[in-house]
Structures are given as C-alpha cells and as structure tokens.
Amino acid sequence: MTLTLGREINALFAIASREIMRLIKSPGAMITNMIFPMFFLGIMGGSLSQNLGGNIGYNFLQFVMVGMIVFNMFMGATSGMTSLIAERDLNLTQELFVSPISRYTIILGKMIGTSFASLTSLIGVLLIALLMQIPLGGMQIVRLLLVIPVFCLVGASLGILFIGLVQDSKVAQMGALLICMPQMFLAGTIIPISNSTGIIAFLAKIMPLTYLTDLARGFFYWGKPEYHSVVIYNPAINIIASIAFFAFFTVMGTILFTRNERNK
Amino acid sequence: MNNVIQVDHLIKQYKKSQKAAVDDISFNVREGEFFAFLGPNGAGKTTTISILTTLLSKTNGTVSIAGYDLDKEAKKIRYNTGIIFQNPSLDLELTAEENIRLHVSIYGTYRFRPFYGMMPKAYKQRIEELAEIVGLQESLFKNLKTFSGGMKRKLEIIRSLMHNPKILFLDEPTQGLDAASRHSLWEYLNRVRTEENITIFLTTHYLEEAEGADRICIINNGKIAMSGTPGQLKERLIQKYMYVDATDQNTLKTELCRLGAAFMETGQGLKVAYKDKTPQKLLSGLDIPLTKLEIHQPSIEEAYLDLIKEGSVLS
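Those protein sequence lines, which keep their order, are chains E and R. Using UniProt numbering, you'd call the opening residue of the first sequence number 1 and step up by one each time. Using UniProt numbering, you'd call the opening residue of the second sequence number 1 and step up by one each time.
Here are the simulated lysine-lysine pairs, PhoX-like style, with alpha carbons at most 20 Å apart:
#1 K309/R with K223/R
#2 K275/R with K234/R
#3 K253/R with K275/R
#4 K264/E with K15/R
#5 K142/R with K152/R
#6 K253/R with K240/R
#7 K234/R with K277/R
#8 K25/E with K142/R
#9 K142/R with K124/R
#10 K281/R with K253/R
#11 K166/R with K76/R
#12 K19/R with K264/E
#13 K145/R with K25/E
#14 K264/E with K16/R
#15 K281/R with K240/R
If you only want the chain E side, here are some residues facing chain R, beta carbon under 7 Å, derived:
#16 N10
#17 A11
#18 F13
#19 K25
#20 N91
#21 E95
#22 V98
Worth flagging that the hints you see were computed from the coordinates, not collected in a lab. Even glycine gets a Cβ: it sits at the ideal position worked out from N, Cα and C.
Kindly generate the complete structure, drawing on both the sequences and the hints.
This is the structure:
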C-alpha cells in the first residue's frame, strides 16, 4: 500500500515537473503568459477605472488587480489542461497512458504542472500593478498568494472536464477561451456583480470563477473597511464551493477523458 | 516454454464501424520468443497491439499478458511490458535523458530528481549501458529537436527497456526509417534481445522483417490468415508450378495422370504443381514432346502478396 502510494507520488511529481521543465525551455510561452494580463489590467482595467470607477468607495484598480490575478491563474490552468488533447494528437499521451500508474495521478500531475506554468502570468499582473502604482497592500497580497493554488487547481479541473467532453484539439483550444471569457465578465473579475439580477445573477452563481474571485477578495480585503463592499459571500461558502467544483470536475473529467481514450 | 501472451477469440469493433477491426483471433506467444504479427495496412495489427498494451478496450475475448488478466490486472501488465509505438511518443521540448528520466520516474523504477546529477548511480549506469548498445551515448544530453528519425527510435528502445520489461511490443518500429537505419535498428534490437532476454512482439508489414522472427502470424482483414515458423509458412505459401502443353494435349494429360501429377487446364496450357526442388523428375517421366514449358517459382514475397490479395477478395 505504502509502496504503491510512494510510486504514485513519485509519478505525480515527475509529470508535474515535466510541465515546469517544458515551460522553462520555452521563453516565448513565458513572455506571452506575462503579456496577456498586462493588456487586461493595464488597458481594460485602466480605462474602466478612469471612466466608471470614480465614486464606488474603494480603489477600483486594486479591485480589478485581484480579479485579474484569479482569472489569469484560472484560465492559464484551464488552457494548460486542454493541451492534453493536442499532446494526444502528437502521440505524447500514449507514453503516459501505458504507464502503470493511476489515471488520476496522470491528470493531477498535469494539473499541478500547468498550475505552476500559469504562475508566470502572476508576474505580469504584479509588474503592471507596480507600473500603474496600484497598492499591493503588503500582507494583503501575501494572503492572496497563499490561496493561489486553489484558483489554479479549480481552473485545471474545469479544463479536464472540458476535454473529457471534447475530442478535437482545435475545438479544445478555442473552447478554453469560450468557457473562461464569459466568466471573466459575469463572475466579478473586473466588473462588480453585487447588483446583478435575473439570468445574469443565476449564471454568476453557477460559475466557479465567481466563488474563486470572491474567495480571493475575502482574503485580500480581510479586516479592511471596504471588505463588505467588495466581498459577496462568506469565505467558508467560497471554500466549500471551490472544493465541490474541483472534486466534481476532476472525477467526471478523468472518467470521461480516460473512457474516451480507451473506448473507441 | 510458458506462454507469456495468450489471446483467445479477441474481437474489436470500433464504435462507428460496421465491421470488426479484429475479428475473433486467437494466438499465443512463448517466453523469450521473437513473434511477428505480419499484415498489410489496415489489417488490424495496431488495433491488436493497442489492446494488448491496455491502450484500447476490447469488444470481446480474453487476453492474458505475462500471466495477468487484461481485464483485472491491467496495471501489472503495464509494469511488465515496454512499448515502442508506431509514431514516436517523445517530448521534443526535452533532452533525450530528460525523456528517459521521466519514464523511469513514472514507472517507479527510480525516484524522480529534477537534475541528472541527482539521479542514483544505478540509473546512470543503466542508461549508459543501453545508450552504448544502441550507440546513442554522445547524444543523451542533446535536445530532441536535433535528432533524426533513427536516433529517436534508438532513444525509444532505451526508454522502453529502462524498467526491465518482460515483453517488448514494437508497433511497426521501422516506419519512416531509411534502409540503413532499419538495418541498424534490427541489429540493436537483436543485441538487446539477447542481452536482456526478453520476449519481442513485433507488428510489421515488411515481410523481410518478419522473416527474422521465431514465429509469424499473418493477419488480414482482422482475421488470422496463417501462422507458423518462417520455414513452415514458406512451405505452405509457396506453390511451385509450371505450364506445359503438347500438340496432343490428351496424351499429355494421360501421362501426367500416370505420374500422379495434379494439373489444371488454363488458357496458357496445363498448370502442373510440383513439390521437388526442380520439376526435372516429373519432366523426365513425360514421353510426349512438349510445345510449351514455363517454370514458376514465386518468391515468399510474391506468395505473401497473393495470400493478402486473395484474402481481400474473399472478404
């Protein structure tokens, strides 16, 4: 039992490390990961702040910065997982699927690896935040960094569920954008959603990014006067929702993906 | 000798297909044997090897690999097998050694370490030993983007043997390689086979590759067309015959009947099969002067192509 568990952990570590090794060897991908959030936070966030964020009672750019950190981790991990389809087309996954380890270990290893890879976009957000003189808040940002793995893992789990349903690599790549971008607008990443009603409010409630963004803001604004203006749910609700989404997406996604690979 | 692979009534029908890709096949492979699964493209070779290596589910039948049941003990089968896929499954972003290191870590042969220098001595010795056999010791730390097709295949051989498998599956391993690379790859595989004492299961559509095997199984249209040693197959496949004719064909037929020779009337004369090395004995028994004599001794390749063609027509 211990030997088996040790083997699985060793394999998990190796699969995750492979993603990191690949990232280190691809400076182009690292630079792209860093540039992407600069556009959103710098251009979109800056424009919204100047035109709409004047009298809301808190620093709007800081609000957007927290949302962008969550979104970039989430989307980076989702996109990273969809690369499994492209890797299958390149015959890279065969080697993994004939190995004597659990399919969950393969998927979890890939999730952890892509999560680390998406961390590079965090550097982009922090750089642009410094350039735009957005206050990082000292311990506030440290608290936020502590929960970053949660955003990555939930994003990665959504990615595996998606590729469990989609077989084509082009659809998978496009689909990652399609399932993430609407969440950016509806889940409160850059636009406050406390006044959302009807279908918009309903959609926000079923999106994992809503709970992740709110969890991030709960940690970031903890003990601050603007806490009640920016945080919607109790952090416990956000944590439970995040764990539930992660567990459901991972189990369903792994079952569907491995079943599709074997049952042709 | 024990059977390390036992396949009984294996059937595979793909979801969107009306016809079975593998249609009720049975065969066995003995321990230490070099077994060739020969057939044309689309015959069902890759489907079979994918099922045996646990990559693909089967529709029906039973399979046992290294003493383990495919349905119940797939993980144990994976521990005991090594695979070289039809298309290289290497990570081109990494070096040759990094590809191997990830493989052994996933198989649990050695603990994963982020740097080669941190890997155990046994790992380093094993990798050097195998790299020397296939002549890749100079390129172990080079990026795979600089590797030729032959070098990638050699690397896959090293990788597939690192966890000491009992059975090595090779799915058309020489596909895309030039004649020189094919030749050297077989030299290395034979050397590895002798030194590592493993069973080799090869799928190929090259008859000359299969001829080196201990036993050959010919698959066509998802069914086993013939199996046996290369010598047995040659004997069964090659039918030697000649065309003979005479002004008085009836007398010729009577003489052939007297000599016990089987013949068939064709537009080219009488087609007479013979079993001896040459038809000299048969010809010397004929008294009637011949107006036609054409001797045919097809090569094994021609005979194999005839069998495949015949199979496709029959199906």
